[in-house]
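Residue numbers (the working numbering), protein chains in the order written: chain V, 301 to 645; chain P, 7 to 822.
Hints are computed from structural coordinates only; laboratory data are not their basis.
Think of the CB as a built atom: it goes at the ideal place given N, C-alpha and C, for glycine as much as any other residue.
One or more hints might be untrue.
Now the in silico label distances, taken between C-beta atoms and shown as ranges [claimed, not checked]:
id, chain 1, residue 1, chain 2, residue 2, range
1, V, 506, P, 106, 26 to 34 Å
2, V, 547, P, 307, 51 to 59 Å
3, P, 604, V, 421, 32 to 40 Å
Listed below are the simulated SDA-like cross-link pairs for lysine to any residue, each with C-alpha atoms no more than 25 Å apart in a straight line [what the hints assert, rightly or not]:
id, chain 1, residue 1, chain 2, residue 2
4, P, 15, P, 212
5, V, 580, P, 492
6, P, 364, P, 418
7, V, 463, P, 364
8, P, 538, V, 454
9, P, 364, V, 466
10, V, 580, P, 42
11, V, 335, V, 358
12, P, 420, V, 443
13, V, 382, V, 318
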Amino acid sequence: MNEKLTQICAEGERAVASAKNEIELQEIKASLLGKQGSLTGILKELPKMAPEMRPAMGKEINEVKNHLSSLIDARREELLLKASEIPADFDTTVPGIPPLQGGKHPIKQMRDDLNDAFRSMGFEIFEEDEITSELYAFDKLNFPPNHPARESMDTYWIAGHDKGQANEKLCLRPHLTGGSVRYLQTHKAPYRFVYPGRVYRNETTDARHERAFYQYEALIVDRDFTFASGKVMIRSILSKVFGREVPVRMRAGFFPFVEPGFEIDMGCLVCGGKGCSVCKNVGWIEVMPGGTPHPNVLRAAGLDPDEYTGFYVNIGLDRLVMMRYGVDDVRLFNSADLRFLSQFR
Amino acid sequence: MKLSLNWIKDYVAIPDDMDLSRFAYDLTMSTVEVEATHDIGAAFNKIVVGRILAVQPHPNADKLRVCQVDTGDGAPHDIVCGGSNLAPDMLVAVALPGSFVRWHGEGEPVEIKQTKLRGVDSYGMICASSEIGLADLFPPRQESEIVDLTGFAAAPGTGVAAALGLDDIVLEIDNKSMTNRPDLWGHYGMAREIAALYDLPLRSIPAYTVPAGTPGFPVHIDDPDGCPRYIGVRMEGLSVKPAPYEMRVRLWKVGLRPINALVDITNYVMMALGQPTHAFDADMITDCIRVRRAADGEPLRLLNGKELALNHDDLVIADAKEAVALAGVMGGEKDSILPTTGKVILEVANFESTGIRKTALRYDNRTDASTRYEKAIDPERCGPALSLAMDLFARIYPGMKVTAFTDAYPKKGKQAEIDVSYNWLDRRLGKHLTQQEISHKLERLGFRVTFTGDNMHVTAPTWRSTGDVSIKADIMEEVARMYGYENFEPAPITTTFTGVINQLQISLVRNIEEYLACRCGMQEVLTYPWMKEEFVQAVLQSTDGILELSTPPSPEERFVRSSTLPNLCQAVVKNERYFDEFSIFEEAQVFCDRDYTSPYDESEKLPSQRRHIGCAFAAKADTPEEVAQLFRKVKGIFENMPRYTHMEAFRFTKDVRPVWADNTVWLNFFVGDRMAGSLGLLSKKVSLACGIRNLTVMLAELDTEVLVPFRSRTNAFVHLPEYPMTDYDISMLVDVGTTWADIEKSVLSKRRELLHGVSFVDEYRGKQIPAGKKSLTIRVTIGSHDKTLTSEEIEACAHAVIKTLHKDLGAEIRGK
Numbered sequence: 301m302n303e304k305l306t307q308i309c310a311e312g313e314r315a316v317a318s319a320k321n322e323i324e325l326q327e328i329k330a331s332l333l334g335k336q337g338s339l340t341g342i343l344k345e346l347p348k349m350a351p352e353m354r355p356a357m358g359k360e361i362n363e364v365k366n367h368l369s370s371l372i373d374a375r376r377e378e379l380l381l382k383a384s385e386i387p388a389d390f391d392t393t394v395p396g397i398p399p400l401q402g403g404k405h406p407i408k409q410m411r412d413d414l415n416d417a418f419r420s421m422g423f424e425i426f427e428e429d430e431i432t433s434e435l436y437a438f439d440k441l442n443f444p445p446n447h448p449a450r451e452s453m454d455t456y457w458i459a460g461h462d463k464g465q466a467n468e469k470l471c472l473r474p475h476l477t478g479g480s481v482r483y484l485q486t487h488k489a490p491y492r493f494v495y496p497g498r499v500y501r502n503e504t505t506d507a508r509h510e511r512a513f514y515q516y517e518a519l520i521v522d523r524d525f526t527f528a529s530g531k532v533m534i535r536s537i538l539s540k541v542f543g544r545e546v547p548v549r550m551r552a553g554f555f556p557f558v559e560p561g562f563e564i565d566m567g568c569l570v571c572g573g574k575g576c577s578v579c580k581n582v583g584w585i586e587v588m589p590g591g592t593p594h595p596n597v598l599r600a601a602g603l604d605p606d607e608y609t610g611f612y613v614n615i616g617l618d619r620l621v622m623m624r625y626g627v628d629d630v631r632l633f634n635s636a637d638l639r640f641l642s643q644f645r
Numbered sequence: 007m008k009l010s011l012n013w014i015k016d017y018v019a020i021p022d023d024m025d026l027s028r029f030a031y032d033l034t035m036s037t038v039e040v041e042a043t044h045d046i047g048a049a050f051n052k053i054v055v056g057r058i059l060a061v062q063p064h065p066n067a068d069k070l071r072v073c074q075v076d077t078g079d080g081a082p083h084d085i086v087c088g089g090s091n092l093a094p095d096m097l098v099a100v101a102l103p104g105s106f107v108r109w110h111g112e113g114e115p116v117e118i119k120q121t122k123l124r125g126v127d128s129y130g131m132i133c134a135s136s137e138i139g140l141a142d143l144f145p146p147r148q149e150s151e152i153v154d155l156t157g158f159a160a161a162p163g164t165g166v167a168a169a170l171g172l173d174d175i176v177l178e179i180d181n182k183s184m185t186n187r188p189d190l191w192g193h194y195g196m197a198r199e200i201a202a203l204y205d206l207p208l209r210s211i212p213a214y215t216v217p218a219g220t221p222g223f224p225v226h227i228d229d230p231d232g233c234p235r236y237i238g239v240r241m242e243g244l245s246v247k248p249a250p251y252e253m254r255v256r257l258w259k260v261g262l263r264p265i266n267a268l269v270d271i272t273n274y275v276m277m278a279l280g281q282p283t284h285a286f287d288a289d290m291i292t293d294c295i296r297v298r299r300a301a302d303g304e305p306l307r308l309l310n311g312k313e314l315a316l317n318h319d320d321l322v323i324a325d326a327k328e329a330v331a332l333a334g335v336m337g338g339e340k341d342s343i344l345p346t347t348g349k350v351i352l353e354v355a356n357f358e359s360t361g362i363r364k365t366a367l368r369y370d371n372r373t374d375a376s377t378r379y380e381k382a383i384d385p386e387r388c389g390p391a392l393s394l395a396m397d398l399f400a401r402i403y404p405g406m407k408v409t410a411f412t413d414a415y416p417k418k419g420k421q422a423e424i425d426v427s428y429n430w431l432d433r434r435l436g437k438h439l440t441q442q443e444i445s446h447k448l449e450r451l452g453f454r455v456t457f458t459g460d461n462m463h464v465t466a467p468t469w470r471s472t473g474d475v476s477i478k479a480d481i482m483e484e485v486a487r488m489y490g491y492e493n494f495e496p497a498p499i500t501t502t503f504t505g506v507i508n509q510l511q512i513s514l515v516r517n518i519e520e521y522l523a524c525r526c527g528m529q530e531v532l533t534y535p536w537m538k539e540e541f542v543q544a545v546l547q548s549t550d551g552i553l554e555l556s557t558p559p560s561p562e563e564r565f566v567r568s569s570t571l572p573n574l575c576q577a578v579v580k581n582e583r584y585f586d587e588f589s590i591f592e593e594a595q596v597f598c599d600r601d602y603t604s605p606y607d608e609s610e611k612l613p614s615q616r617r618h619i620g621c622a623f624a625a626k627a628d629t630p631e632e633v634a635q636l637f638r639k640v641k642g643i644f645e646n647m648p649r650y651t652h653m654e655a656f657r658f659t660k661d662v663r664p665v666w667a668d669n670t671v672w673l674n675f676f677v678g679d680r681m682a683g684s685l686g687l688l689s690k691k692v693s694l695a696c697g698i699r700n701l702t703v704m705l706a707e708l709d710t711e712v713l714v715p716f717r718s719r720t721n722a723f724v725h726l727p728e729y730p731m732t733d734y735d736i737s738m739l740v741d742v743g744t745t746w747a748d749i750e751k752s753v754l755s756k757r758r759e760l761l762h763g764v765s766f767v768d769e770y771r772g773k774q775i776p777a778g779k780k781s782l783t784i785r786v787t788i789g790s791h792d793k794t795l796t797s798e799e800i801e802a803c804a805h806a807v808i809k810t811l812h813k814d815l816g817a818e819i820r821g822k
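Isolated chain V (complex conformation) (with noise of 0.2 Å):
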């Protein structure tokens, strides 16, 4: 009897240890702990047993039963980790694989971070027609009738409404300020606003100047508002845009709609103000003209100057992002070209 128990130990012992998957075991386990099992057997033989060594061989039964059982739990861990062992040559070099290939122009992602930087400032965005009329266009911006700008070398005028008077002649807007001009007569003062859009000049284009380009239009009126908030302004909006701090200037400039108007400059961020090639060695980038709107643009929006000023800038888009990325030749931006966009996820 007790030769038996330790036989079927052993060989329990060496079929656990040989099995070589999870099914092996689990017949193994039948075979020795299942109703059919051999330990089972010898169990069944305890009631034959004379009964003063019915207790020691229990004891001993369930000492080996225990024993197999834990080896089985033990030999199946063994299995489960080696079936997800990984060899020791994986290469962890080979490059991940990436997700969909998509992103938006470098120029949109811009004037989407100006959008959320504005809209944190309480600015509405406001969007509005690319064809426009002379009307909008020059004549309620206070352009003087024989502005240069008005002639044809600068404005793409509509064929066959190129003629008559200013509301009959038709034009790819030239800028984004008669819109904004609409936004005025359409509301109610005091408001403030941005006005996000392409704009277009007939001109000759170069790796600096193009034909259609992105502009975006800030606009504060109110009753009281002085130029040097219009700083803290541009300042803080630069600043989100290029995320560090971003010195900004304000000189004298002169534009028809503003009065006074400015040049705003930043800092070079290329160079950090010491002057480089980016800047022409000034340390100052020109980004936008801007000012406080003039009487008569005002007027033309239904306001009364004296009640009401406020402060106006007009950020050219691609040279911003020019800046922000390096970029050298202004063309590219309109250029479809997948191997220049695919470059600004």
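Following the hints, put chain P in place on chain V, whose structure we already have.
What follows is chain P alone, placed relative to chain V:
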């Protein structure tokens, strides 16, 4: 415009210790943009005056000479030179080792080194004028001529810059930054501004007095609006000769080429005072000067040889017979300074700006004079210009005699008068300035200011009264810029909260852009708002209803975008060379010559303008299966768009085939009853017409104005199933004409409690499938809300579905 600092110093005593960069910075901040400051003298570093002691032949070269030159350092040096005019005792410009010259006047400057030339040591180089950038100042008269400085009587070793008066700073001003400041287009005007900025005294131009008894000169101004003032001076005792060197060098520094003394005087006056003048040969002028409109077709040959046929809008200077000059633009060839000129009629005149600008543009003939006139010059400026010119004539031609003089001044300018509320100024500036401070700043600029209570009465000087200063905002600007924009402390912006900004349509379009770019892997592009004719014809197949530009970038690009697709097809052609598979989209406005409305202003009629999003998907797809894959990808993007971007769902149907689409593979999508767009396979024919070589293209276009954004995120929560749901795949053979829509309809036709949905898995056509049939695999989801189903119950449900499919569509289960 270029300005010489020394020239400015004639009029205002700028301290010699003024920091140049600070000076340029101050001017930029308050007045005009100084683009660059050039130290002219610096370019002549180590280029010195040398005296040639002897000239000997070169032992190894016929054309070269070996000169002994005294360069002022004690010992004579041998310098090899090929100059044709070398002679002992001549003073020359010697570029010593370490200096920079331009070889033969071309290319980038190169450094001079001590070297052997054909076997002979040469200590530097004797220069031709072009090699040190002085060709305009010392034009060579023969080949290989070196510049002869003998007339300058400078000691050997003196720097060339010092010897020739070239030690000067030239400021380069951005012309655009002073289009509104006609008063600044000369050295005197800039000096006046600088004097105001730094509180320095300004020197005036001594006034000219007409000699007593000088007879008048007949000047007739037929058009006083076009010519408010005309001073004519007739002079004798003149001749054509070079101007004094000092005058020539000044003109040269500011970018003008010296010609002869008579012409140079007129240019000098223009650069000094910003007032153009012109000199006629008095012998060529018959009887009188008449300022009149040209007759239509009247001929005039300009100084630059251009033959013009004038029209009535042009203002001309004429004599009794014919036009002799295009007023304010350029003189006529026949009547201006000639080699024989000995008598001159000097014109110092004022012309109206707009007419001059139009005439100059009409003949594409803008000049330094017209550029100044078109800014609107103050007629008072004729006075100092005359004074300066007469002073120069008298000095250069001591025998000069004025024989006739007339100052016709029919239309005096008005000084602008503006009333400004002191309180208003205070508020707008956001900075308190005392009345004294304000008066002082304005008076320095030539304004007169009187305070009466709160009112400030400002009279602008004549030179600021031609349109530049006219309203109180202009006065505020003058005060602010003189105070210095940098000196205003930053002020916080106050915000009034008036509610959350919620612009649904704008947000929706941005959501769609981000969905396409970020979720669908598409690249956004921007293209021009015009379309190329070949792509319009290929894709849209007609130009009807398309607006055209009257002055397009090129004749074939005259069509204004009426659809986003032609430009996208053009982009596909462009990118096909580099990529096998890509998808792009563009959000843009499209325009049509119809549906004119007045969306903003009743007086305007604007054409139809809508905001579209166009998409192009290009891939290698040669087999019908690959096309089917591409189609499903594209359709999937639009099927899922409403869910991801929070708008009302699309209904897909075939209603109107887009002209560019394949006969079969296309769909329209609707929002409610309104068509929102179409997608489709670009037909082979259109694809070839576009020049697309290798790739298969699907297009889609969406009218974003039809889309209906949800006010918030919508879809309702669905409870999670408590008991397991089973996916059961069914593969079947059906007729090739049976569509997925038919299958879906059949499966869902009967309400079955245990059936929770059906989806498409796969379609297959191939060898193993009998002709006229296709294999279709669908997946049905089976489960109960009350219990776990037994496999028998699941099978029973699946078989009921199969039975219906067989009955409705003749579907045969595969492999059973």
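Against which earlier hints does the structure fall short, listed by number upward?
none
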